[in-house]
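A.B. asks: Those protein sequence lines, which keep their order, are chains C and Z. Mapping the first sequence onto numbering that gives the first Met the number 0, position 99 (from 1) lands on 98, and the numbers just tick up by one. Mapping the second sequence onto numbering that gives the first Met the number 0, position 162 (from 1) lands on 161, and the numbers just tick up by one.
Hints are not guaranteed to be accurate.
[Claimed, not checked] Once the Cα atoms are required to be at most 20 Å apart in a straight line, the calculated EDC-like pairs of lysine to aspartate or glutamate come out as:
(1) C:Lys9 x Z:Asp145
(2) Z:Lys187 x Z:Asp171
(3) Z:Lys187 x C:Glu2
Just so you know, these hints were derived from the structure itself, not from any lab.
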Amino acid sequence: MKESHDKFAKQAKALFDESVDRLDAATLSTLNRSRHRALEAASAPTVNWLRWAPVTGVAVAVLVAALLLQPDPVTVDTMPASVTEMEILLGDESIEMLEDLEFYAWIDQLEAGDDVG
Amino acid sequence: MESRETSVVTLELGVSWAGEQVTGTRALQREQQLNRFLAETERRALRIAEIAVRDRDDALDLVQEAMIKLARKYGDRPGEEWPPLFYRILQNGIRDWYRRQAVRRRVMVWFGRGSEDDDGYDFVAAAPDPGGRAPDQELANNEAMDSLELAVRALPARQQEAFMLRTFEGLDVAGTAVAMGCSEGSVKTHYSRAIHSLRETLAEHGPAGSGE
Numbered sequence: 000m001k002e003s004h005d006k007f008a009k010q011a012k013a014l015f016d017e018s019v020d021r022l023d024a025a026t027l028s029t030l031n032r033s034r035h036r037a038l039e040a041a042s043a044p045t046v047n048w049l050r051w052a053p054v055t056g057v058a059v060a061v062l063v064a065a066l067l068l069q070p071d072p073v074t075v076d077t078m079p080a081s082v083t084e085m086e087i088l089l090g091d092e093s094i095e096m097l098e099d100l101e102f103y104a105w106i107d108q109l110e111a112g113d114d115v116g
Numbered sequence: 000m001e002s003r004e005t006s007v008v009t010l011e012l013g014v015s016w017a018g019e020q021v022t023g024t025r026a027l028q029r030e031q032q033l034n035r036f037l038a039e040t041e042r043r044a045l046r047i048a049e050i051a052v053r054d055r056d057d058a059l060d061l062v063q064e065a066m067i068k069l070a071r072k073y074g075d076r077p078g079e080e081w082p083p084l085f086y087r088i089l090q091n092g093i094r095d096w097y098r099r100q101a102v103r104r105r106v107m108v109w110f111g112r113g114s115e116d117d118d119g120y121d122f123v124a125a126a127p128d129p130g131g132r133a134p135d136q137e138l139a140n141n142e143a144m145d146s147l148e149l150a151v152r153a154l155p156a157r158q159q160e161a162f163m164l165r166t167f168e169g170l171d172v173a174g175t176a177v178a179m180g181c182s183e184g185s186v187k188t189h190y191s192r193a194i195h196s197l198r199e200t201l202a203e204h205g206p207a208g209s210g211e
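With the rest of the complex left out, here is chain C (with noise of 0.2 Å):
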């Protein structure tokens, strides 16, 4: 039995022999062409980014618990929620403006104190 399996396997190699011999010039150049590219990219430096996986999810890590574990910023009044930045910035006199906030916020603090007054 194995005999016969041997046989007819080493017919079947045959037959698909010839048919890999009768291939076409067309087929065989675009193999040649394949192959060349593969070599190409062998020889291509790639960056392996799993190498770098380590270091950048310890780098996000320590980024993320850097965000979470930080104090409370402490806010400070520097300028009342009535002046606002597009105020400041559509403003005629907005560089004076600029160099005396701290001015314009005591007057703008003065006028609400007035208001409540």
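Starting from the structure of chain C, add chain Z where the hints point.
C.D. replies: Relative to the frame of chain C, chain Z by itself:
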């Protein structure tokens, strides 16, 4: 004193240059070895892929993809490991191709442009045209190979892989097991069943079928 320092620097540069040359020579030898392996394998690989996917252009794409992956990922491995690794990559590519085809077929059915059991393959149209270019023997062999191809295509996927890798490519049981990603016992089982099935199917097709 100065001349001694100069000679030391010159010597170091010389050693470094020689080292680079050795590395360059090794890389070149490696590339030539890989080139030889791929040149010896590519045509058989193409026919194996073509029998599996029934389309030469798709088979060419699959072989190119396998060659590039082998060269990139395993180019520095010992040459003896290349055949099973190459065929493992190729078989994975063929399996992915089947998955994509199945999805495509489902989509076509969804849009009403096909049916579940119609794979659109015309065996007669796909058979190579002898075109009167061959003597009787070649014609007979062509026909026998066509019958063999059809019978191989009709095998279950794993039996098909085992038969083609063992018979057509000539991998041993261990190499075929690596290429198929299974145990050696499974390879033997798939191969034996494939041979039985093929001999039964081809019994009426003369020499290759009967084994006489």
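A.B. asks: All hints, please: hold or fail.
C.D. replies: Status of the hints after comparison with the structure:
1. C:Lys9 x Z:Asp145: Measuring from Cα to Cα gives roughly 16 Å; hence the hint holds.
2. Z:Lys187 x Z:Asp171: holds (10 Å)
3. Z:Lys187 x C:Glu2: Given that 20 Å is the threshold and the Cα spacing comes to 16 Å, the pair holds.
Hint violations for this structure: none, all hints satisfied.
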